[in-house]
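**Q** Below, each chain spelled out in residue letters.
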Amino acid sequence: MVRPVLRYPDPVLKRACEPVSLERGLALAEDLVDTMRAHPGCVGLAAPQVGEPLRVAVVDVSGHRLATSCGGLVVLVNPTLVESAGLKIAREGCLSLPAITADVARAKRVLVGAAGRADPLWAEGFEARAIQHELDHLDGILILDRVAGVHAIFKRQAAG
Amino acid sequence: MNRFAVAVMGLDRPGIVAQVTAGLLRLGGNVEDVSTSILRGHFALMLIVTVPAAISKEGLDDALGVLRQHGLALAVWEVSGGLESTRPTHVLSAYGPDRTGIVHDVSTVLAEAGANVCDMSCRLHEGAPPVYVVTAEVALPAPGEAAELEAVVSRLKAKGLDVSLNAIEESTL
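Residue numbers (this note's numbering), protein chains in the order written: chain A, -15 to 144; chain B, 25 to 197.
It is worth saying that the hints were derived from the structure and are not from the lab.
It is possible that some hints are incorrect.
Partial chain A-side listing against chain B, Cβ under 7 Å, derived [what the hints assert, rightly or not]:
1) Leu(-10)
2) Pro(-7)
3) Lys(-2)
4) Val17
5) Pro82
6) Ala83
7) Ile84
8) Leu128
9) Asp129
10) Gly133
11) Val134
Restricting the straight-line Cα-Cα distance to at most 35 Å, the calculated cross-link-like pairs of lysine-lysine (DSBU-like) are [to be verified]:
12) Lys72/A to Lys181/B
13) Lys181/B to Lys139/A
14) Lys181/B to Lys(-2)/A
15) Lys183/B to Lys(-2)/A
16) Lys181/B to Lys92/A
17) Lys139/A to Lys183/B
18) Lys139/A to Lys(-2)/A
Keep in mind the model is a prediction, meaning the values are calculated, not measured.
Note that the Cβ used here is the ideal one computed from N, Cα and C, for glycine as well.
Turn these sequences into a full structure, and let the hints guide you.
**A** And the structure:
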């Protein structure tokens, strides 16, 4: 089911989310996938963005021109960042801040564990960036909290 | 050699910097430091320049005075000392739904903490709903003290703003 996407300053976007059972998390992930797919160009969505303060997010960078790793549809229930390495600054947008883009420093490579996954997921580059953006949402952190400097916030060219 | 600050502002159009520097070059002036910004379609240009000792403030003002005939505001004043800029220790991001007083709230909390604003940008992002965002590079008086960071963040949050204060990390490569 496609859900409405909340925008800042909705308070759900600024709080730390709660852990969730695998069953409930996977059910919620289905709505997140439907909602992500309903927004062209969207490569990830986190539960608080649809009003659920729970630790669930989805990422899918399939076919994206910037992707150098691709785990297909990645469902993250109670995810944990196991390891990260490298640092790169690049511009990000967010459905919950539709008028803004920001230059954000992220790790280049991440190893992420999640409930229901036997092995942690390796991701790099754009996919690693998308995963870190969604993990931030689960802690109430937005791109405005990660700006690399005074001149790192921009108006979005076309509202997304 | 005399050192002056020059400030120019007016409706944005191509050629403002070229016009200012042409006037300076005719006097043998040397541009030491420049900062520009576009604020709601108005171009602002600030320079620190040195000119030969024979050139007075009035002489520099006269040489650049043609700018006023082109619709630009111009101010010239002599400066001495303060050649080193303060180095920022942290990037502050403070944001919230638009209202009057956000810039004053942020700058007052910083001033009371003894934090120096090195660079600042305040902008309304006109989405739905509109979000006002203040970003500042600041030099905290005791940047290593977590209590000081906490105090600044909690006082800004008490103003109803969402706040992040992150250390500027420098690597020598």
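**Q** Against the structure shown, which of the earlier numbered hints fail to hold, in ascending order?
**A** The structure conflicts with hints 1 and 4, although it agrees with all the remaining ones.
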